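Chains as they are written, first to last, in this note's numbering: chain L, 0 to 434; chain P, 0 to 434.
By construction, these hints were calculated from the structure, which means they are not laboratory data. The structure presented is a predicted model; accordingly, all values stated were derived computationally and were not measured. There's no promise every hint is true.
Any copy, or any two copies together, can satisfy a pair, since identical chains are not distinguished.
[Claimed, not checked] Listed next, the in silico DSS-like pairs over lysine-lysine satisfying Cα-Cα at most 30 Å (straight line):
1. K221 - K211
2. K24 - K376
3. K56 - K7
4. K56 - K308
5. K73 - K401
6. K73 - K190
7. K377 - K401
8. K63 - K108
9. K193 - K211
2 protein chains.
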Amino acid sequence: MSKIIEPKILKGFRDFLPAVEIERKRVIRLLEDNFESYGFVPIDTPALEYTEVLLGKGSGETDKQMYRFEDNGKRDVAMRFDLTIPFARFMAKNRQDLYLPFKRYHINKVWRGENTQRGRYREFTQCDFDIVGTDCASADFEILTMMRSSLSALDVPNCTIHLSHRGIFNRFLDHLGIKEQSVEILRTVDKLAKIGRDEVLRLLTELSDAEKAEMILDYIQKEDGFIPTLEKLERLAGGPAEDSGRLREIWSFICELGLEDGFVLNPSITRGLDYYTGIVYETFLDDLPGIGSVCSGGRYNNLAGLYTKESLPGVGSSIGLDRLMAGLEELGRSAARSSNTQVMIMNLEKDLVGYYHGLADRFRKAGFCCEVYHDTKKFGPQFKFAEAKGIPLAVICGGNEKEAGTVNLKDMRNRESYEGISPEDALKKAEELLK
Amino acid sequence: MSKIIEPKILKGFRDFLPAVEIERKRVIRLLEDNFESYGFVPIDTPALEYTEVLLGKGSGETDKQMYRFEDNGKRDVAMRFDLTIPFARFMAKNRQDLYLPFKRYHINKVWRGENTQRGRYREFTQCDFDIVGTDCASADFEILTMMRSSLSALDVPNCTIHLSHRGIFNRFLDHLGIKEQSVEILRTVDKLAKIGRDEVLRLLTELSDAEKAEMILDYIQKEDGFIPTLEKLERLAGGPAEDSGRLREIWSFICELGLEDGFVLNPSITRGLDYYTGIVYETFLDDLPGIGSVCSGGRYNNLAGLYTKESLPGVGSSIGLDRLMAGLEELGRSAARSSNTQVMIMNLEKDLVGYYHGLADRFRKAGFCCEVYHDTKKFGPQFKFAEAKGIPLAVICGGNEKEAGTVNLKDMRNRESYEGISPEDALKKAEELLK
Numbered sequence: 000m001s002k003i004i005e006p007k008i009l010k011g012f013r014d015f016l017p018a019v020e021i022e023r024k025r026v027i028r029l030l031e032d033n034f035e036s037y038g039f040v041p042i043d044t045p046a047l048e049y050t051e052v053l054l055g056k057g058s059g060e061t062d063k064q065m066y067r068f069e070d071n072g073k074r075d076v077a078m079r080f081d082l083t084i085p086f087a088r089f090m091a092k093n094r095q096d097l098y099l100p101f102k103r104y105h106i107n108k109v110w111r112g113e114n115t116q117r118g119r120y121r122e123f124t125q126c127d128f129d130i131v132g133t134d135c136a137s138a139d140f141e142i143l144t145m146m147r148s149s150l151s152a153l154d155v156p157n158c159t160i161h162l163s164h165r166g167i168f169n170r171f172l173d174h175l176g177i178k179e180q181s182v183e184i185l186r187t188v189d190k191l192a193k194i195g196r197d198e199v200l201r202l203l204t205e206l207s208d209a210e211k212a213e214m215i216l217d218y219i220q221k222e223d224g225f226i227p228t229l230e231k232l233e234r235l236a237g238g239p240a241e242d243s244g245r246l247r248e249i250w251s252f253i254c255e256l257g258l259e260d261g262f263v264l265n266p267s268i269t270r271g272l273d274y275y276t277g278i279v280y281e282t283f284l285d286d287l288p289g290i291g292s293v294c295s296g297g298r299y300n301n302l303a304g305l306y307t308k309e310s311l312p313g314v315g316s317s318i319g320l321d322r323l324m325a326g327l328e329e330l331g332r333s334a335a336r337s338s339n340t341q342v343m344i345m346n347l348e349k350d351l352v353g354y355y356h357g358l359a360d361r362f363r364k365a366g367f368c369c370e371v372y373h374d375t376k377k378f379g380p381q382f383k384f385a386e387a388k389g390i391p392l393a394v395i396c397g398g399n400e401k402e403a404g405t406v407n408l409k410d411m412r413n414r415e416s417y418e419g420i421s422p423e424d425a426l427k428k429a430e431e432l433l434k
Numbered sequence: 000m001s002k003i004i005e006p007k008i009l010k011g012f013r014d015f016l017p018a019v020e021i022e023r024k025r026v027i028r029l030l031e032d033n034f035e036s037y038g039f040v041p042i043d044t045p046a047l048e049y050t051e052v053l054l055g056k057g058s059g060e061t062d063k064q065m066y067r068f069e070d071n072g073k074r075d076v077a078m079r080f081d082l083t084i085p086f087a088r089f090m091a092k093n094r095q096d097l098y099l100p101f102k103r104y105h106i107n108k109v110w111r112g113e114n115t116q117r118g119r120y121r122e123f124t125q126c127d128f129d130i131v132g133t134d135c136a137s138a139d140f141e142i143l144t145m146m147r148s149s150l151s152a153l154d155v156p157n158c159t160i161h162l163s164h165r166g167i168f169n170r171f172l173d174h175l176g177i178k179e180q181s182v183e184i185l186r187t188v189d190k191l192a193k194i195g196r197d198e199v200l201r202l203l204t205e206l207s208d209a210e211k212a213e214m215i216l217d218y219i220q221k222e223d224g225f226i227p228t229l230e231k232l233e234r235l236a237g238g239p240a241e242d243s244g245r246l247r248e249i250w251s252f253i254c255e256l257g258l259e260d261g262f263v264l265n266p267s268i269t270r271g272l273d274y275y276t277g278i279v280y281e282t283f284l285d286d287l288p289g290i291g292s293v294c295s296g297g298r299y300n301n302l303a304g305l306y307t308k309e310s311l312p313g314v315g316s317s318i319g320l321d322r323l324m325a326g327l328e329e330l331g332r333s334a335a336r337s338s339n340t341q342v343m344i345m346n347l348e349k350d351l352v353g354y355y356h357g358l359a360d361r362f363r364k365a366g367f368c369c370e371v372y373h374d375t376k377k378f379g380p381q382f383k384f385a386e387a388k389g390i391p392l393a394v395i396c397g398g399n400e401k402e403a404g405t406v407n408l409k410d411m412r413n414r415e416s417y418e419g420i421s422p423e424d425a426l427k428k429a430e431e432l433l434k
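So that you can see chain L by itself, here it is in the shape it has in the complex (with noise of 0.2 Å):
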């Protein structure tokens, strides 16, 4: 006998077993509904890229997570560390083969060797959906109101986007004759929430002093309602541009489709990244705001610069599917489950298990999902099965019932029986009680 090697896995790493990976695959086809019927398109790209390619410009903390190594042909490579990069890369090597504007989505996993002692995991599932090659309203808007469909489908309307804009907050702190800091100062009031208004006011004083961290600290404060909070944010900017344009005509369309309640104007949003230049925006679950914003991103002036000389504007958005998945299961909106399998036929009789396949086989034609036990065994040990599996509905036949033409069904959540009825009638009976 051979010695046993421990299975076990890495840190940060994770089985999906059936009750999680069902409800994954059940979130990310309603996800995938959503975004093809606005039209979005799913790409993929390799796990494994050039490191060349993947690390860019480069910044010391991605640098340090990358899963990083040279390849049996001596090629330095990495494992994509997140999905915005590899698109990059994507628009510019396949820009010859693709229309614009290009609306694409792309769910899968990444890998970051992240600290996991702050609960993160060093795989996990991104979701990043883009429309790339136009810079306009209607862009922006579709962005917008499909990170609320896409969650509306996921049974949780109600939920909060708020947005504000990085034009106007750039010519604001260009009015202030602060601009040169203006990374440093988004950083600092992205970290509002986390560190509270006063650290915020010391650290933006820091910056440049008590009076324009004041000032920065009126800036981000919304006002009630959007139009109002956007009048102020032209005030302190020198007036309207643009920019405020912009959003005054995304907010058009959201009037005119009466989704005023889902929109705040909050110029407390910044999004850290320098990346983006046009509008940028977090989503709240209304009733678990606690977790954090599940969907955010923002309009960038050039995707793929690294990559090519073609400038390719665009706006998009993340879902992190993990936290929003633990919010579906917090709000009572999970549907996990341990299998999807509705009807399961019994096996008492040896010599009757090709008639079960057939019976299964009628069930499934009329739109169930239902299996065969595969084992002869007493009931006991059957319906454990069933129980550990989640199946509701048991067909129960031996000899006699075969003869007769009849089987039993047997609900297993409330141990009623409909017994002597043909399979006909099962099929009819099962279907009713599964409605």
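Fit chain P to the given chain L structure using the hints.
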């Protein structure tokens, strides 16, 4: 301006553009739905595991092909190169949380640094399904019939499953007194289609002697019909036994469900691997035999022996998704399209963009995939876009139409127009045109 990075990808890796990815998703969904209709449940495992775990007993070939490296925590890790070993490790690790028999499917990518000269990819998709924890004819039959129904679900019902039984073959070799050479003999017989009868005879003669080589070739010759072939095998193997009884039982189920046309007892099927102990099988498309087996597998007596002392017998199959999809395309069963969008709302006036989004919503709520063209442009570029995206219908609506409460619907495939109709009627017409 910073230096442009060439957007290249690694040899043997692929970008999946929308037309390909849409078709992949369609095929995978149909397979998933079919598996679930039989009570199979999905799982997933990490892309990256301890090398020690993946390597198991280790074989030179696999070892060389693995993407193996040291991670930032100095762990010896590797990317999975199949879904079988992770499944064995999964069963051993999660045994206490699972019921038996456990029926799982797993569809995901695997990585092998193979020689790409042979037209192979280094990143490709496997689709595995197994029934673990029972050794009975019912489970064997279910795997076989599910393979058939999977191909039916993909609109290729005309396929033939060739099966045989390792146990009978081993008994036969034992009978001949050459059991020790069984692994080499199996691998030689497995090459029959590739290298031809004469070369197999020569190799078998080297492994045993001329008389026995002829007897092996006689054994692997199929007779006219399942039962006559089975009787010959029994005779050559020294009489009926449990192994041949199993085939007889499976055949009785096949007959009971009227599936005789789809199965052939073909003793030349051996499957190279010494892993199998019971039935083994390969599936060929009747209209495209040249591409080889699209789905194959067999019964094994111990899935997870490397990782646990519990013996887990099982039966399983693997679909070569890339090969199958190539086959579907060749048979014209592939539904390749560049998007799923059915209706495009054309953008004629900037002031109507909000109205256009409202129209699109009405189409979506009626179940259509519908998108607004984002930029207000001339007809030309908009039609060109619709064509590139394969969108069959366009809704055309300017200020006059809006005022009159009408739209024009245009069928892009035959250029026919339905003008001045209400949005309501446009929905009905669209349904009719896309039926």
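Tested hints:
Proximity of K221 and K211 under a CA criterion of 30 Å is satisfied intra-copy only: 18 Å inside one chain copy versus 89 Å between copies. In this assembly of identical chains, K24 and K376 lie within 30 Å of each other by CA distance neither inside one copy nor across copies; the values are 33 Å within and 39 Å between. In this homomeric assembly, K56 and K7 come within 30 Å of each other (Cα to Cα) only across copies, at 16 Å, whereas the closest approach inside a single copy is 36 Å. For a Cα distance limit of 30 Å, the shortest separation of K56 from K308 inside one copy, 15 Å, qualifies, whereas the shortest one across copies, 51 Å, does not.
For the homomeric pair K73 and K401, neither the shortest alpha-carbon distance inside one copy (66 Å) nor that between copies (63 Å) is at most 30 Å. Taking identical chains as interchangeable, the C-alpha atoms of K73 and K190 are never at most 30 Å apart, the minima being 42 Å within one chain and 34 Å between chains. In this assembly of identical chains, the alpha carbons of K377 and K401 lie at most 30 Å apart only when taken from the same copy (18 Å versus 69 Å across copies). When the C-alpha separation of K63 and K108 is checked against a cutoff of 30 Å, the pair qualifies both within a copy, at 19 Å, and between copies, at 25 Å.
In the homo-oligomer, the alpha carbons of K193 and K211 lie at most 30 Å apart inside one protomer (21 Å), although the nearest pairing across protomers, at 79 Å, exceeds that limit.
The structure does not agree with the numbered hints 2, 5 and 6 stated previously, though it agrees with the rest.
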